[in-house]
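Asks: Chain by chain, the residues:
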Amino acid sequence: MNNVNFLLCGVGGQGTILASDVLTQVGVQAGYDAKKAEVHGMAQRGGSVTSHVRWAEKVYSPLIAKGEVDVLVAFEKLEALRHIEFLRPGGTVVVNDHEIIPITVTSGGAEYPDDEHIRAVLAEVTGDVRWVDGMTIAEELGNVRAANVVLLGALSSLLDVPESIWLEVIEKRVPARYVELNRSAFRRGREAIVSG
Amino acid sequence: MKVLLSANEAVARGGWEAGVEVASAYPGTPSTEILESFARYPDVYAEWATNEKVAMDVAIGAAYAGRRALTCMKHVGLNVAADAFFYASMTGLEAGLVFVSADDPQMHSSQNEQDNRHYAKFARVPCLEPSDSQEAKELVGVALEISEQFDTPVLLRLTTRLCHTDTLVELGERVTKPPTVEKYPRNPAKYVMVPGNARKKHPIIEERIRQLAEFAETFPHNRIEWGQRDLGIVTCGVAYQYAKEVFPEASVLRLGMTYPLPRQMVRDFAAQVERLVVLEELDPFLEEEIRLMGVEVYSGPEPYEGGKSIFPACGELDPGVVRQAAITAGLLPPSAAAPVPQLEKRELPARPPVLCPGCPHRSVFVELRRSKLPIQGDIGCYTLGLLPPLSSIHTCGCMGAGIGVAHGADVAGDEERHVAVIGDSTFFHTGMPALLNVVYNRGKSITVIMDNRITAMTGHQDNPSTGKTLQGQETVKIDFEPLVRALGVEEVHVVDAYDVKAVRDAFKACRQHDGPSVLITRRECALLPEVRRTWLPLRIDPEKCVACWTCIRTGCPALRKSEEIFEKTGRQKAEIDPLLCTGCELCAQLCPNGAILFRDQMGE
Ligand SMILES: Cc1ncc(C[n+]2csc(CCOP(=O)(O)OP(=O)(O)O)c2C)c(N)n1
Chain A
10 MNNVNFLLCG VGGQGTILAS DVLTQVGVQA GYDAKKAEVH GMAQRGGSVT SHVRWAEKVY
70 SPLIAKGEVD VLVAFEKLEA LRHIEFLRPG GTVVVNDHEI IPITVTSGGA EYPDDEHIRA
130 VLAEVTGDVR WVDGMTIAEE LGNVRAANVV LLGALSSLLD VPESIWLEVI EKRVPARYVE
190 LNRSAFRRGR EAIVSG
Chain B
36 MKVLLSANEA VARGGWEAGV EVASAYPGTP STEILESFAR YPDVYAEWAT NEKVAMDVAI
96 GAAYAGRRAL TCMKHVGLNV AADAFFYASM TGLEAGLVFV SADDPQMHSS QNEQDNRHYA
156 KFARVPCLEP SDSQEAKELV GVALEISEQF DTPVLLRLTT RLCHTDTLVE LGERVTKPPT
216 VEKYPRNPAK YVMVPGNARK KHPIIEERIR QLAEFAETFP HNRIEWGQRD LGIVTCGVAY
276 QYAKEVFPEA SVLRLGMTYP LPRQMVRDFA AQVERLVVLE ELDPFLEEEI RLMGVEVYSG
336 PEPYEGGKSI FPACGELDPG VVRQAAITAG LLPPSAAAPV PQLEKRELPA RPPVLCPGCP
396 HRSVFVELRR SKLPIQGDIG CYTLGLLPPL SSIHTCGCMG AGIGVAHGAD VAGDEERHVA
456 VIGDSTFFHT GMPALLNVVY NRGKSITVIM DNRITAMTGH QDNPSTGKTL QGQETVKIDF
516 EPLVRALGVE EVHVVDAYDV KAVRDAFKAC RQHDGPSVLI TRRECALLPE VRRTWLPLRI
576 DPEKCVACWT CIRTGCPALR KSEEIFEKTG RQKAEIDPLL CTGCELCAQL CPNGAILFRD
636 QMGE
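Protein chains in written order, with this note's numbering: chain A, 10 to 205; chain B, 36 to 639.
Everything labelled a hint here was simulated from the structure, so no lab data went into it.
A quick note: this is a predicted structure, and the numbers were derived from the prediction, not measured.
Each residue gets a CB set at the ideal place from its N, CA and C atoms; glycine is no exception.
It is possible that some hints are incorrect.
[Claimed, not checked] Straight-line Cα separation of at most 25 Å, PhoX-like style, residue types lysine-lysine; simulated pairs:
1. B:Lys-236 / B:Lys-218
2. A:Lys-67 / B:Lys-37
3. B:Lys-479 / B:Lys-407
4. A:Lys-181 / B:Lys-37
5. B:Lys-543 / B:Lys-596
6. B:Lys-503 / B:Lys-479
[Stated by the list, open to error] Across the chosen pairs, the derived CB separations fall in these ranges:
7. A:Arg-182 / B:Thr-211: 51 to 61 Å
8. A:Arg-182 / B:Ile-513: 31 to 41 Å
9. A:Glu-172 / B:Gly-638: 45 to 55 Å
10. B:Phe-601 / A:Ser-173: 48 to 58 Å
11. B:Gln-146 / A:Val-188: 16 to 26 Å
12. A:Val-188 / B:Arg-520: 44 to 54 Å
13. B:Pro-517 / A:Lys-67: 37 to 47 Å
14. A:Lys-67 / B:Thr-363: 25 to 35 Å
15. A:Glu-120 / B:Lys-407: 28 to 38 Å
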């Protein structure tokens with residue numbers, strides 16, 4: 010079994026907490042010791058949110074140091090850029106191709122970085138960047154809120170854990186009426202990476 | 036069975052398993068989930084108290100009545116409860132009593148990062164600190180045993196990182212005991228702390244802490260993990276995890292009880308390692324205790340000049356911070372740090388927390404901003420009125436402070452009219468005595484009670500204005516108008532916070548009144564489930580928009596600049612994000628050109 014350090018980042022309200030809960034539980038069911046630390050400030054909505062998830066035979070620190078993340082899962086592009094220093098050089102980035110414009114851009118003077126800049130900086134750290142169109146896929150499935158599970162599906166295709174474990178954990182974690190939606194979202198995400 | 040639990044959930048579980056019957060608390064990040072989680076277990080009583088002092092008195096009362104009891108709070112809550120904390124140390128109790136303090140290194144959601152271990156020493160109360168959720172669960176039961184054995188309340192100290200980290204926990208069964216007393220005690224020598232009784236008590240609590248220090252020597256949660264002997268690390272809490280991660284070879288003395296210290300154990304450990312270092316978050320609490328014992332602590336290449344050695348006293352630790360500090364102190368070679376690439380990164384736009392779309396506090400701040408008066412803030416979602424573009428909070432210290440500060444500036448003879456803003460939960464917490472003080476002392480400050488019918492900031496807890504208890508029972512629904520009238524305020528206005536003109540007129544009337552006044556702005560938090568069901572996104576008619584940005588200057592995240600340009604000025608017109616807008620109509624009321632459609636125009 011390989012030890013894996015994950016950093017999930019996004020914006021409050023995007024479902025990063027559910028995604029990191031699922032990821033941690035999957036680690037446990039795959040036989041790892043696992044820990045999940047949530048880091049968020051005062052915001053109910055709209056602020057940056059990150060979760061550190063670690064899988065190992067024995068996990069000590071709940072937090073991962075900069076430069077030691079194996080897989081960065083970004084639910085939003087600016088957040089990928091903000092947290093890229095955490096990634097170990099050559100690590101993997103799974104990024105949702107989606108923008109959420111912060112208030113400092115709308116009503117302040119700040120500027121949202123352009124795609125070219127984002128891609129260039131990520132490329133400085135790693136050649137392994139997987140873009141996932143999570144929002145479009147979730148929209149096609151009829152609910153943009155399932156984008157987080159699309160991302161989980163994409164992530165799962167890079168890890169050596171049976172699909173059945175993922176699905177079992179997701180089914181337990183989401184309300185019964187959303188099980189089908191999330192199952193489809195997960196599968197679509199899984200294919201999204203395999204095919205591209 | 037092992038399950039993933041945060042330390043908050045684990046403390047709740049530990050309390051339940053160990054037979055806690057009564058828990059009372061006031062919410063506060065990072066502690067809030069303890070009581071929310073405890074309240075869901077069967078056969079327990081759990082309540083939201085109006086503040087931490089009241090909550091602690093309630094827990095103490097239950098323990099006097101022979102039932103195991105618990106209270107929990109964020110670190111600054113212990114300042115509010117400090118008076119109770121000290122008398123409980125003096126009286127002792129009849130059944131186990133645990134006070135949980137959740138400290139917040141890094142101030143993720145607080146105004147300071149005080150280290151509450153000092154309170155333990157201050158009041159001669161033992162302090163326990165877990166390193167993960169499993170230990171957090173166990174230590175609740177252990178704390179209750181210690182409490183009963185030594186006739187003392189016990190402080191269980193958590194930190195944000197533990198509170199908000201899920202780790203595996205082995206679950207157990209609930210074990211309950213009958214009340215330890217048959218009848219509520221009538222024992223004034225023990226429980227009535229008049230000077231005559233208290234003087235007899237003081238030597239007893241000094242003796243108690245001496246006995247606890249002896250107990251600490253064999254306490255199983257204080258333990259040595261031997262490794263190589265060139266480096267010995269004394270550590271506690273989550274810092275233990277960083278010690279194991281960063282110094283896997285070192286010998287570690289990890290303390291589950293950080294006050295009082297097992298002095299002999301520390302001495303023996305120190306004697307068997309070449310260099311002794313202390314790895315703890317925030318203050319040099321252990322370090323100073325150990326130095327006072329005359330034990331040498333390694334402080335790096337420079338001579339020790341007091342304070343904390345090697346590791347920073349400010350902010351939260353993590354493996355990166357610990358490693359870097361260890362390299363600087365010569366404990367690790369420079370190659371120990373992971374290379375962090377220097378990236379050509381532009382400055383990124385921040386994502387500060389903001390008042391949500393539809394937040395009823397927004398209209399009040401738009402009005403206060405117009406007034407240009409000095410505004411004394413308080414703690415809650417409305418503190419965010421501080422940020423641009425609203426920029427209308429000028430002080431904020433702690434819960435309940437604003438009304439007193441406004442009155443102080445007023446009686447000091449400051450020419451401007453002073454205004455205090457306060458939320459419903461905060462008004463109950465510590466605002467009421469402050470308002471009474473304004474009235475009694477003939478002040479004339481204006482108090483705005485922003486009544487969103489919930490304790491919003493900490494995640495929607497019930498309070499005396501909501502009509503529900505923590506365990507879901509129906510209860511009284513306190514109305515602020517008769518309440519503040521009973522406190523002696525004659526000039527009282529109650530308005531709908533979504534009605535801009537009503538807010539404006541009422542505020543004007545308060546300013547014209549020569550005496551204390553209260554403006555109650557009422558409207559449910561837009562995120563409450565029943566309000567969410569009524570959300571209806573509005574739209575801007577681009578033909579009518581003149582790009583004046585009045586709407587954007589409300590700071591509502593649902594408003595943004597569109598691609599479309601207003602020819603005359605060349606400025607971008609405004610548009611509404613339908614995914615975010617709740618339809619509160621604040622912007623529609625403010626729009627000078629009628630460009631924003633109201634709800635009933637949306638069908639057109
Ligand atoms: C002494 C203390 N206890 C608890 C807290 C945590 N806390 C911050 S704001 C808040 C309540 C805010 O509720 P309310 O006054 O109703 O304002 P709202 O957030 O709903 O606008 C609490 C409990 C604190 N900061 N200080």
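Asks: If a hint holds in the structure, say so; if it does not, say that too.
Replies: Results for each hint:
1. B:Lys-236 / B:Lys-218: At roughly 23 Å apart (the allowed maximum being 25 Å), Lys-218 (chain B) and Lys-236 (chain B) satisfy the hint.
2. A:Lys-67 / B:Lys-37: holds (15 Å)
3. B:Lys-479 / B:Lys-407: Given that 25 Å is the threshold and the Cα spacing comes to 17 Å, the pair holds.
4. A:Lys-181 / B:Lys-37: holds (16 Å)
5. B:Lys-543 / B:Lys-596: Outside the cut-off at roughly 32 Å; violated.
6. B:Lys-503 / B:Lys-479: violated (34 Å)
7. A:Arg-182 / B:Thr-211: 51 to 61 Å: violated (32 Å)
8. A:Arg-182 / B:Ile-513: 31 to 41 Å: The hinted range 31 to 41 Å holds for Arg-182 (chain A) and Ile-513 (chain B), with Cβ atoms some 38 Å apart.
9. A:Glu-172 / B:Gly-638: 45 to 55 Å: Holds, at about 47 Å.
10. B:Phe-601 / A:Ser-173: 48 to 58 Å: With Cβ atoms ~57 Å apart, the hint holds.
11. B:Gln-146 / A:Val-188: 16 to 26 Å: violated (43 Å)
12. A:Val-188 / B:Arg-520: 44 to 54 Å: Given a distance of about 53 Å, which is inside 44 to 54 Å, the answer is holds.
13. B:Pro-517 / A:Lys-67: 37 to 47 Å: Distance hint for Pro-517 (chain B), Lys-67 (chain A) is violated at roughly 60 Å.
14. A:Lys-67 / B:Thr-363: 25 to 35 Å: Given about 28 Å between the Cβ atoms, the range holds.
15. A:Glu-120 / B:Lys-407: 28 to 38 Å: Distance hint for Glu-120 (chain A), Lys-407 (chain B) holds at roughly 31 Å.
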